[in-house]
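K.L.:
Residues per chain are reported as follows:
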Amino acid sequence: MSPESNKLLLSVDLAGTFLFAVEGALIALPKNLDLLGVLVLAFSTALVGGIIRDVLIGASPPASLRDWRYATTAFAGGAIVFFLHPYIRAIPGAVILTLDAAALALFAVAGTEKALLYKMHPFIAVLLGAVTAVGGGTVRDVLLAQIPNVLRSDIYATAALAGALVMVAATRLKMRPALAAVSGGSVCFLLRIISVWQRWNLPRAFTG
Amino acid sequence: MSPESNKLLLSVDLAGTFLFAVEGALIALPKNLDLLGVLVLAFSTALVGGIIRDVLIGASPPASLRDWRYATTAFAGGAIVFFLHPYIRAIPGAVILTLDAAALALFAVAGTEKALLYKMHPFIAVLLGAVTAVGGGTVRDVLLAQIPNVLRSDIYATAALAGALVMVAATRLKMRPALAAVSGGSVCFLLRIISVWQRWNLPRAFTG
Amino acid sequence: MSPESNKLLLSVDLAGTFLFAVEGALIALPKNLDLLGVLVLAFSTALVGGIIRDVLIGASPPASLRDWRYATTAFAGGAIVFFLHPYIRAIPGAVILTLDAAALALFAVAGTEKALLYKMHPFIAVLLGAVTAVGGGTVRDVLLAQIPNVLRSDIYATAALAGALVMVAATRLKMRPALAAVSGGSVCFLLRIISVWQRWNLPRAFTG
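Protein chains in written order, with my numbering: chain F, 3 to 210; chain Y, 3 to 210; chain S, 3 to 210.
Just chain F, with the same shape it has in the complex (with noise of 0.2 Å):
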């Protein structure tokens, strides 16, 4: 690849890395923790999830570890949330539903990308691509002692394996990779922006 085109792709995983961040750390305000608190909440939302994928795929030390951008632009969203909560608040839902879905496509596809990458079975790499998006919220809702919410509503892990999905069956049929994680991508992002518009939810056991 080239430098720019590098280039180009860090700087969208640090963005998608910020706004995890930002969001874990909203989550996390409200449960009267400390400033360390909220860093490590920021932290564990935009990051483990990748970090999990890693030391699975036997990937060590995990991408996140290897770069202190990662850590350094989480905490910075953690910081801003705590010390700007207001203004932040203040940011209309709809836009943060719009950067979250974007966020949670990239995530779903980079993490699969990896996993094929590492020659991992393309349905294990459909895994590890939605481990990659929602597993850094699921060890956050572990650490404020809650049932993950990815566990319990919403098409949001399900829009994740959809991407991986789309991007491994693309792979597959040797469509070229930037054209793959396109495809993978837009087709997370428009079933999570669909599904909260339609609100879509997949079947529960008892639904009494």
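Hints in this document: simulated from the structure, not taken from any laboratory. Check each hint, because a few of them may be wrong.
Computed list of lysine-lysine pairs in DSS-like fashion (alpha-carbon distance at most 30 Å, straight line) [to be verified]:
#1 Y:9 x F:121
#2 S:121 x S:176
#3 S:116 x Y:116
#4 F:116 x S:121
#5 F:121 x Y:116
#6 F:121 x Y:121
#7 S:116 x F:116
#8 Y:33 x F:33
#9 F:116 x Y:116
#10 F:33 x S:33
#11 Y:121 x Y:176
#12 Y:9 x Y:176
#13 S:121 x Y:121
#14 Y:121 x S:116
#15 F:9 x S:121
Put chains Y and S on the given structure of chain F with help from the hints.
P.N.:
Same frame as chain F, but now just chains Y and S:
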């Protein structure tokens, strides 16, 4: 090993995976999760113990992520519970208990064997055998935001530890591997069954 | 290093392990766990921080699983609390606090040193030093289904971070390793002691 005995071992391993997945899903079901949540908890219960063992001994990627049949089997167990739980619940408790004790024994023995294969100290191999057997259920309970059941009651992890210990001792006494595995597995299985039947428990600090 | 100083380092490390195990077991005791549960939480508190660090830096198997004395020491600490807790509780709080601050300093410094040895970026090494020191207690609290105390109050992880930071700075200034370790450890220890004495806390987002 002959291809036939390899196939037999894989079948037994997948049967244990299926059973643990079904049990995990049954525990998850009343917690108001959606389909995805039930599948995730089935997967965790069945496979995360072995994944933790493999990460700790440096066998990456973990065995259950190298072969797509493990994840597929775990998800199948979860899906069957989700859609057919009235029928699953009709299975007598004694049957479930017996099958669960068999799967516990299988996982404890297989985990210990793999740890020994990776040259872990015998004492550590015993611990890793128990982690293989009960680690998945522990993570499931953490995801359900409750204190893992295994820390509180019953001779469950203790049976896994006892079976692993017998297996390590038998191996050190130069017993043939298959015989050492059967000895360890039998001790785990019987101790579990007898302890439920006799209502044995470990001591608690406060019994009042 | 001479065999004597190696032996001294191991003894100090095992002493820290024992102390953290005792503290973990004391916190676990009122939670109605059985003997196994108390031993597991003692082990987690004492050793899981270092295990997480080793998994993240790619040092597998983790140091505390290579040498059986670590697990044995942790279980001994747990068992002593389980059977002798009335006597352990009689130890004055100031003694526990001082010993705990010493163990915190030791683990933070040792964790930072190992991360630097594995060529981690200095900033990441500081984070991993803190993970070594407080990761075990965090996992213990997760297993007890409560929000980790370290995220909520006190200058505890902060003291570990400060000590790790001083150590990294001293190392970069080409200070002799032993001196860098002593400097970092002293800062962590003193900051922890003074913060308890002066009732310092990190800021919270909502103080009302």
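K.L.:
If a hint holds in the structure, say so; if it doesn't, say that too.
P.N.:
Hints versus structure:
1. Y:9 x F:121: With a Cα-Cα distance of about 24 Å, the restraint between residue 9 of chain Y and residue 121 of chain F holds, given a limit of 30 Å.
2. S:121 x S:176: Distance of about 16 Å is within 30 Å: holds.
3. S:116 x Y:116: holds, 27 Å
4. F:116 x S:121: holds, 23 Å
5. F:121 x Y:116: Holds: residue 121 of chain F and residue 116 of chain Y sit about 23 Å apart, inside 30 Å.
6. F:121 x Y:121: holds, 26 Å
7. S:116 x F:116: Answer holds: residue 116 of chain S to residue 116 of chain F is near 27 Å, not above 30 Å.
8. Y:33 x F:33: Holds: residue 33 of chain Y and residue 33 of chain F sit about 22 Å apart, inside 30 Å.
9. F:116 x Y:116: This hinted pair holds, its Cα atoms lying about 27 Å apart.
10. F:33 x S:33: holds, 22 Å
11. Y:121 x Y:176: holds, 16 Å
12. Y:9 x Y:176: holds, 26 Å
13. S:121 x Y:121: OK: residue 121 of chain S and residue 121 of chain Y at ~26 Å, within 30 Å.
14. Y:121 x S:116: holds, 23 Å
15. F:9 x S:121: Judged against 30 Å, a Cα distance of about 24 Å means the pair holds.
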